[in-house]
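Protein chains: 4
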Amino acid sequence: MARHTFLLKPRWSDLDAYGHVNNVTWLEYLQEARVDMLFVHAPAEGSQGLAEGVLVVRAEIDYRRPMLLRQEPYPIHLWVSKIGGASFTVSYQIADDTHDGSSLVYGQAKTLLAPTDLATGAPRRITADERAVLAQFLE
Amino acid sequence: MARHTFLLKPRWSDLDAYGHVNNVTWLEYLQEARVDMLFVHAPAEGSQGLAEGVLVVRAEIDYRRPMLLRQEPYPIHLWVSKIGGASFTVSYQIADDTHDGSSLVYGQAKTLLAPTDLATGAPRRITADERAVLAQFLE
Amino acid sequence: MARHTFLLKPRWSDLDAYGHVNNVTWLEYLQEARVDMLFVHAPAEGSQGLAEGVLVVRAEIDYRRPMLLRQEPYPIHLWVSKIGGASFTVSYQIADDTHDGSSLVYGQAKTLLAPTDLATGAPRRITADERAVLAQFLE
Amino acid sequence: MARHTFLLKPRWSDLDAYGHVNNVTWLEYLQEARVDMLFVHAPAEGSQGLAEGVLVVRAEIDYRRPMLLRQEPYPIHLWVSKIGGASFTVSYQIADDTHDGSSLVYGQAKTLLAPTDLATGAPRRITADERAVLAQFLE
Chain A
1362 MARHTFLLKP
1372 RWSDLDAYGH
1382 VNNVTWLEYL
1392 QEARVDMLFV
1402 HAPAEGSQGL
1412 AEGVLVVRAE
1422 IDYRRPMLLR
1432 QEPYPIHLWV
1442 SKIGGASFTV
1452 SYQIADDTHD
1462 GSSLVYGQAK
1472 TLLAPTDLAT
1482 GAPRRITADE
1492 RAVLAQFLE
Chain B
1362 MARHTFLLKP
1372 RWSDLDAYGH
1382 VNNVTWLEYL
1392 QEARVDMLFV
1402 HAPAEGSQGL
1412 AEGVLVVRAE
1422 IDYRRPMLLR
1432 QEPYPIHLWV
1442 SKIGGASFTV
1452 SYQIADDTHD
1462 GSSLVYGQAK
1472 TLLAPTDLAT
1482 GAPRRITADE
1492 RAVLAQFLE
Chain C
1362 MARHTFLLKP
1372 RWSDLDAYGH
1382 VNNVTWLEYL
1392 QEARVDMLFV
1402 HAPAEGSQGL
1412 AEGVLVVRAE
1422 IDYRRPMLLR
1432 QEPYPIHLWV
1442 SKIGGASFTV
1452 SYQIADDTHD
1462 GSSLVYGQAK
1472 TLLAPTDLAT
1482 GAPRRITADE
1492 RAVLAQFLE
Chain D
1362 MARHTFLLKP
1372 RWSDLDAYGH
1382 VNNVTWLEYL
1392 QEARVDMLFV
1402 HAPAEGSQGL
1412 AEGVLVVRAE
1422 IDYRRPMLLR
1432 QEPYPIHLWV
1442 SKIGGASFTV
1452 SYQIADDTHD
1462 GSSLVYGQAK
1472 TLLAPTDLAT
1482 GAPRRITADE
1492 RAVLAQFLE
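Chains as they are written, first to last, in my numbering: chain A, 1362 to 1500; chain B, 1362 to 1500; chain C, 1362 to 1500; chain D, 1362 to 1500.
Don't take every hint at face value.
The list makes no distinction among identical chains, and a pair is therefore deemed to hold if it is satisfied within one copy or across any two copies.
[Stated by the list, open to error] The calculated lysine to any residue pairs, modelled on SDA-like cross-linking and capped at a C-alpha distance of 20 Å, are:
1. 1471 - 1374
2. 1443 - 1486
3. 1443 - 1462
4. 1443 - 1368
5. 1443 - 1430
6. 1370 - 1419
7. 1471 - 1425
8. 1471 - 1430
9. 1443 - 1375
10. 1370 - 1485
11. 1471 - 1419
12. 1471 - 1400
13. 1471 - 1444
14. 1370 - 1497
15. 1471 - 1456
16. 1471 - 1421
17. 1370 - 1434
18. 1370 - 1430
19. 1370 - 1393
For the record, the hints were derived by calculation from the structure and aren't laboratory data. Small disclaimer: the values here were computed from a predicted structure and weren't measured.
Using the sequences plus the hints, can you model the full thing?
Here it is, written out as structure tokens:
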């Protein structure tokens, strides 16, 4: 129930010399979707800490089929797949819905994220308020 | 013997609002190092196919410590860690050498790469010439 | 009648360390708007040459007030302001409409563009078909 | 005497679908050169204000010939061409030296810059310390 969907319209400048959305830019797309989920659509209370200092600790991406320039935005589906004491995992799927109800999958990804005190660089534990926000996107 | 090192000087524009090289840009750094290894320092003969159509199929990155803006370039060490029939893996470590002979590691990564016929989008097998080029960077 | 409007949604990654859309990214926004006008909304016939090789010869931008991250897209208004024999000028205004009917202007810009034979790098004259396409956006 | 030169090595990711350094990226190159001049090579004393809040008010670029991917960095020459009460102008030329002593010019540009109190967004006057720093690059 918790899946969030972010619609991202590709830019011409996202294309590389192959005419595809460059593989690097995929990670930027995931970042935009995550910012939208955590900072915009999460309830205001309690999520401020998530907005102000969350570092990416690990990222993995599977590229299945190229994204091209098109008018229609790409749907990026994302959800919280794990909440630990001092880190959490966000999972992603970039996929179009097709007429027969199946999905045309472009790729999928996971990022491990750690709340961090940016002034000191020290990782910190997830607060109860933050946990409640993240739990809304848990799947 | 096969490890290649690419020196990458960070740009001010690589920084995000946290003052760190943005996590997305790490993947761009890996791409620059890979282009340098495969297209510039690989022998000219046989590597043209690698230059003209190699898609990233999977990427994984571990971020250990932030990269900041500095005058000294970051050394990106990379090598071919596996050669399959129709794909190969490049591994990376971003690390400074320290005075006592140890390494200060910023992060490490792997990318799985597949030679592709860009006109048709079809994957293709690695040729003998390409295999010879890749083998020089095998570790 | 000829003014074209492109709606551009800012990305988090467009922000620099000041929290503003970076001044470099403004030029990317103009490029996206231009691609939309010339390649997407121009009639298909005759505009192919414009899509395949138009170089930016000169750009000038006036920055009036910072663009920030927001949900609502920024309207980029653009039009062809001059058509010469071998070049044409596109003018831009980034502005919100306000309730009292006036505009809140973020900035304005001009780019001088030259159709070019990309294989040889040689500039070429604007064809009659291209001129007809451009004339639709003339103001 | 005051001209500063910044050597910028192009990245593969700077190229667009035409195989040229994209016109947008030129503005990024100028920004990198300016940061180097003002924040790195300017004397530490007095220049902190220039590092912490200088907005680009106007930019103009003339593109003469395309920059391509190459091993050799592009020399970006820059200097302060005017110092006003609350703004200053930096001029740029991207050019290779050639064997006969002439220059191969890729392009030239100007940016008008205004020190700004970022907390309030208000422009402010250039201090005496800042003026002394800028004067060292005046030509």
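Results of checking the hints against the structure:
no.	hint	verdict
1	1471 - 1374	between (25 Å within a copy, 19 Å between copies)
2	1443 - 1486	within (14 Å within a copy, 38 Å between copies)
3	1443 - 1462	neither (27 Å within a copy, 38 Å between copies)
4	1443 - 1368	neither (23 Å within a copy, 36 Å between copies)
5	1443 - 1430	neither (33 Å within a copy, 29 Å between copies)
6	1370 - 1419	neither (25 Å within a copy, 23 Å between copies)
7	1471 - 1425	both (15 Å within a copy, 17 Å between copies)
8	1471 - 1430	neither (24 Å within a copy, 25 Å between copies)
9	1443 - 1375	neither (30 Å within a copy, 29 Å between copies)
10	1370 - 1485	neither (35 Å within a copy, 31 Å between copies)
11	1471 - 1419	both (8 Å within a copy, 12 Å between copies)
12	1471 - 1400	within (18 Å within a copy, 30 Å between copies)
13	1471 - 1444	within (13 Å within a copy, 25 Å between copies)
14	1370 - 1497	neither (26 Å within a copy, 26 Å between copies)
15	1471 - 1456	within (15 Å within a copy, 24 Å between copies)
16	1471 - 1421	both (5 Å within a copy, 9 Å between copies)
17	1370 - 1434	both (4 Å within a copy, 12 Å between copies)
18	1370 - 1430	both (9 Å within a copy, 16 Å between copies)
19	1370 - 1393	both (11 Å within a copy, 11 Å between copies)
Consistency with the previously given hints fails for numbers 3, 4, 5, 6, 8, 9, 10, 14, ordered from lowest to highest.
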